[in-house]
Each structure stands twice: as structure tokens, then as C-alpha cells.
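Peer 1: With the hints as extra help, turn the sequences into a complete structure.
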Amino acid sequence: MWFTSPDDAATRLAATGYLADAATATTAYLAGALEKPLLVEGPAGVGKTELAKAVARSTGADLVRLQCYEGLDEARALYEWNYKKQLLRIQATQDSGDGQSWDETHDDIFTDEFLLTRPLLTAIRREEPTVLLIDEVDKTDVEVEGLLLEVLSDFQVTIPELGTITAVRRPFVVLTSNASRELSEAVKRRCLYLHLDYPDAEREREIVSSQVPGLDDVVATQLVDMVSRLRELELKKAPSIAESVDWARTLIALEIRDLTKQAVSDTLGVVLKHVSDHERAIKELKLRS
Amino acid sequence: MSEHRSGSGLLDRHIAFLEALRSAGLSVSLAEDLDAIAVLSALPWDDRSIVREGYAAALVKKHGQRGTFDALFDLYFPRMIGEGATALDPDAEEADADDPGVRDNAEALQAFRDELLEALLSGDQERLQQLAAEMVARFGSMPGRGPGLSSWSAYTALQRVAPAELVEQIVRGLMGEGRTEEEADRAAAQRLGGFTRAVEADARRRIAEEKGPDHVAKVALRPTIDRLDFLQMRKSDLEEMRREIYPLARRLATRLTQEHHARRRGPLDFRRTVRASMSTGGVPLVTHHKPKRPHRNELVVLCDVSGSVANFAQFTLLLVFALRDQFQKVRAFTFIDHVHEVTHHFKPGADVVDVMADLAASTSHAALWGRTNYGRAFTRFAELHPDAIGPKTSLLILGDARSNYSDLALDTLRELASQTRHAWWLNPEHTRHWDTGDSAASRYADVVPMVECRNLTQLSDFVHDLL
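Read top to bottom, the protein sequences are chains A and B.
Using full-length UniProt numbering, read the first sequence as starting at 1 and increasing by one per residue.
Using full-length UniProt numbering, read the second sequence as starting at 1 and increasing by one per residue.
Fair warning: there could be bad hints in the mix.
Computed spacing ranges between beta-carbons, pair by pair [unchecked claim]: (1) Q169(B) <-> E143(A): 38 to 46 Å; (2) S29(B) <-> T111(A): 33 to 41 Å; (3) E185(A) <-> D185(B): 37 to 45 Å; (4) V167(B) <-> E185(A): 37 to 45 Å; (5) V167(B) <-> E143(A): 47 to 55 Å.
Capping the alpha-carbon separation at 27 Å, the derived lysine-lysine pairs in BS3-like fashion look like this [stated by the list, open to error]: (6) K290(B) <-> K286(A); (7) K273(A) <-> K286(A); (8) K62(B) <-> K237(A); (9) K139(A) <-> K85(A); (10) K139(A) <-> K235(B); (11) K347(B) <-> K237(A); (12) K236(A) <-> K290(B); (13) K261(A) <-> K237(A); (14) K139(A) <-> K292(B); (15) K62(B) <-> K236(A); (16) K53(A) <-> K62(B); (17) K290(B) <-> K139(A); (18) K329(B) <-> K236(A); (19) K237(A) <-> K290(B); (20) K347(B) <-> K236(A); (21) K283(A) <-> K347(B); (22) K283(A) <-> K235(B); (23) K237(A) <-> K235(B).
Hint data in this document are derived by calculation from the structure and do not stem from the laboratory.
Just so you know, even glycine gets a beta-carbon here, dropped at the ideal spot from N, CA and C.
Peer 2: Set out below in C-alpha cells:
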């Protein structure tokens, strides 16, 4: 059992420093209770990956991570045969000349000893509680999604030479996506869905204060207020939570105790990463007179 | 809650809810249906918002559809019935509730408006929700209407209370808190918009109580933003749409790159293949291929910016320019009865809001007399910008083909189209409206292939196929 109720999920996640809202806590609880994978979508830097880590921390499970990228294939996601070792084994048999038949060698080299497990298989074979994080699943090619289907729906992996390996203990699966492309219906159907968005001012202030100890309450309020004002503007890339936290750290490093217009305009580069966004922010917020 | 007896009615309601979701365009499979049931069994039932989140996690897999889901959820699983718990509670502040006569008079109206102003100023969501319900109950009822007509109206309530008149006071209040005028304007508009939506939702809830949710779900729901017609947009939709453009362009670009990569293998590179085979004893285990040169088109966009179709033209232009690195070169011209080049407004990395404003301002250059005249526009274009068209260009014409019964200059257009590699016409009107009134759709369609393009989904599909 992962969490006993949505409230339990919220408290335990909070204890490890992840402040979840109602939707996040509910969905995290459900993903554990129904043993279904959880697909988390949302803009960059709102804590999608962090959620998986927090679940692992709060339940004492180990985290197995599969980082997706374009060109990821079966050999790096599921399993691979250790060719070199197999080759050595065959040569060793031949050299010793003890007349072991081909059949025996064949059976011998397709065993566990020569199998290199990759994240997906590792997560399934583990007997301890495991959180499997499949990060940035939208970056992969469509074929890899097909590969994921068997793992996500039945928690099993079929290896032609060994047969089907079924999970001894179902891992808590979290998939994250930036929605840079639509995932296939088949993957979505097998998952519970959670859209993480920018938090409201109150929650963001708590997050920033908990992540950056030593930040003055007044400055924290000013900062969160300024970030939410920035998000209201039509920017190419609105500042995320990660950027708010960075900003808070910057302010501490620069020993800025009051977020004046001058201070904002000097440190704007920490939160906004496009030139046009800078210009817009300066114009709309009248940062420079 | 592990079993659903047919007697409880919950299962029926659940199925009706799913039906409504499906007819609103969400693809809910049987597997997700079962998941939702499992979710309902696993959740505690004391908090409505938790049930809603759990339901959504199992059923809604696209963020854009969440709004539709929430609206339908409110219909099928309403927040409260009738007046809700406050009316039953004798200690509630509405002491005058026993006397229905005084609930709606000038004095009550003024008191209510003061209360509303206060809530809008503080931005307290919970309170606004309550006020919305109260407002429909007190000012939105239309008792004594004939059967078949609903007796609740958001419109009446909004007309009577007129929250829009409070804008100025809210703006002043917000500026008092140290915000700039522009920001205060935006915040006020946002809060007011939120409140208006809450009132509309509450009226829908009331009507659904009377006539059944299925009826309301069919009539009262707006399509999601990507299925909304360009020609039927409200001001708030335009803003939402503008925010959609860049993510959409990014998704399209990713999809295109991936598809191009999948087709990347060019013809066999014999030399490299043989060279690589040396390490495997002359057996060519791995074949090498020549890289495929992607050919990039030049694109010329010619768009009608007269009032009726201006939005459509702007969004298409934004999308095309967001995807500009997929083309070798993009040029854009706007016209009403005269042609004006607008390419220079689209600087790389320029701000969307500024571009839109510039475009709107430059509209006057595209008009001499201000009446749409396609024939004249095409003739002028051929005269003034002959260099824009060449054998490598694709020509894209945007407009509703309504030319005020003027000369169509079909020959000029045929001439233009024949000089280009491809030519298309995007028409934002539904196919059934083509050729009605002054529309010359099918006559132009004979010259240039015409495509119906009413919403963002159709537009992105078209742009994807174009590339």
C-alpha cells in the first residue's frame, strides 16, 4: 500500500518537502491505490519530476529512472544481451575442448547471467517497493510508446529467449511529459492523468520559503506577487516554480532585502529567458522610467 | 461503495455523464469508464473537489478538455440543489429569506452590489461562488414562464445587477493596492470574467435541475477552444487563442521534425557502406545512406483583413510565422481592396501582442475605400509585387471569398496560381455557407483549390499537410 487516503498522501509528501495541492495528492493516492501508472503533464519547471522523487522519499521506496530522449530504443530501455560476455563464453567452451554440444552452449548463453537489465526491466524485477520514473516521455519516438504499453498495462516484459517476466511487486509508475507532442491514445488510456500548473500565490510562497530557508517573509511575498504578475502578462515562457526558487536564491546571494523596481529590473534575467519577454515585462510593469 | 446496485441511480448518472462527455468531443473509452468506477470506489466521498479530481484523473487526458469536463461535472454532480444548505439553515445571515417579497427590490439590489464589489476587490473565490448562486436565485428567476421555457436566466441576473458597471471601482481599488493601471484593468477584467462564468454555470445548474442535465449539456456548452469557429469568437476567446498559438506551433514543429527524421534515409551511400564493411570482414552489416536534403518552400500569404475575417487571418499569419524556420522564406500581404506588405512586422522573437497591435494598425494601408474587393486586390498584387511569386513559392490565400459583387479577376488569379508551385485558398466559413449571398467561393475554387478552415484543429491539420 502506498498511501492510505488523499490526505495521507498530502501530509506525507509535505513531510518530505513537496507541497502538493488537492488534485496532486488525490491523483498520487489513486495511482497507488489502483496500481495504475500516473501521467503528469505541465509546463517545464512545475515539479513533475520532483513529484516522483517525493513519492519515493515519502514511501521509502527506491527510484528507478528512465530518461527518455529521441532515439531511445529497446536495448537502452528494456534489456540487452551482453554480447561480449556471450562471445567469451563460447570461445572458452571451444578452447577447453570438453566437447560441450552447441545446444548446451546455446542454453547456457541465454540465461540471466548474460542479461543486462535496463530501467524498465529492473523496476519490474525488483522485490522492494519501487518508484519507476519515465521522464519526458514526449521526447521519445512513437515506437518506444509501443514498447511501454506492455509494461504499463500488465507490468510484464517478454524476452523471447527467457519467456515473460511478470512484476513480483508492481512499481509506482510516474510518466512526465511537457506536451511537446500528443502522446498516443493507447498510452493515455492506461494512465491516470494529472495536469500540474503554476501554483496559486499562497502555495508558491510556502514552496519558495521551504526551498530557500533564510528568505525574509516580506521579500517572499513580494517575489511571489511579482512572479504571478509576470505570469499574467503574455510571455513566451512564463516563469516556473523552479525559476521563482532560483530568483529567491539570487536575492539572498545579492543580499537584496527589498524587491524594488530597480532590483527587479536588475535580476530579471533569472526569471525571464527571452529578450522579447524582458521588453514586455519592463514595459508593462514600468520597471524603468 | 464497491458495488453499484442498479437501484442507487449512481451508475445511471455515471453513464449519462460519460455519454455527455463523449458527445462533447472527449474520447472516453470503456477502459477509462471502468477506471473511473474504480476511482469512485477508492475515494472518500466527503469532499466534492476530491471526487472531481479523481474522476478527472481517470477520464480527462488532455488539459484543453478540462474546462468542458468541469462544466459537465457541475451539471451532473451539482454543488448543491436549489438554494443549497444556507436556505435550510435558520441562522443564516439571510434573515429576510422567509419573506420572498423583499428579496428583490432596489434596496436589495444596491446592497447586493456593494457586497459583490467587496468580494471582487478581495478576489475571494469561495465568496464569489456563493454570491453567484445567490445572484441567480434572487435576480435571475423568471417565474411564471410557460412550460418548456426555463425559469432561470443568467442573462436577466447579469442585466439587473450589471457587474460590468463595477469595473471602474474595482480598477480604482486595485490601483490603490499599488498596481499599475494596465494591470489593474487586466485583473479586474479577469475577476469579472470569472464571476460571469460562475453566474452562467449556476444558471445552468438551476436549469439542469428542472429539465435534466442531458438537455442542458446539449444546448449550453461551448466547444473547446481548438474547435471553436474563428468567426464566432468573443474577445476573451481571442486572448485564449493567442496563448494557444505558440504551444501549437511548437507541437507542430516537433511532430514535423520527427516525421522528417523517420523518412530521413536517403539513397544508399555505396562508398561509406563498403568502407564500414571492412571491420566486419567485408560483410556490409550496416548500410550507410546519403542524407536527404529537405526541400523548403517559399511561402506567400495573401490575406483578407476586412472586419469579418480579420481574426482568422491574424491567427493563420501568427501560426505560419511561428513555423517560419520550416520554410525558406515567408512573405505576407494583407488586403481589403488594396495590397499592403506586412512581413516586416514579424521579426524573429517578436512579441505576439505587439505584432497583433501592429497588424491591426496597418489594416488602414490595405484599404482605399474600405469595401472588400478581391478582384482589385489580386490585380494590384500582380502589378505591385510580381517578384513575390516564383516557381518555388507556395501561395496561400485567406479569406471568405465575399467580394461585394465586384469583378473577381479570375484570369489574374489563374495567372498567379499558374506561376507558383502550389496554391491554396483557406476559407473560414462552413462549406454550407459557400456561394450564399455575395460569396464567390466555388468560382474561385475552380481556379485555386479551396479548403474549409473553421477552427484551430483544421488549421493545424492543414499547416501540417502543407509542410
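Peer 1: Please write out, lowest number first, the hints stated earlier that are contradicted by the structure.
Peer 2: Hints 1, 6, 9, 10, 12 and 19 not satisfied by this model.
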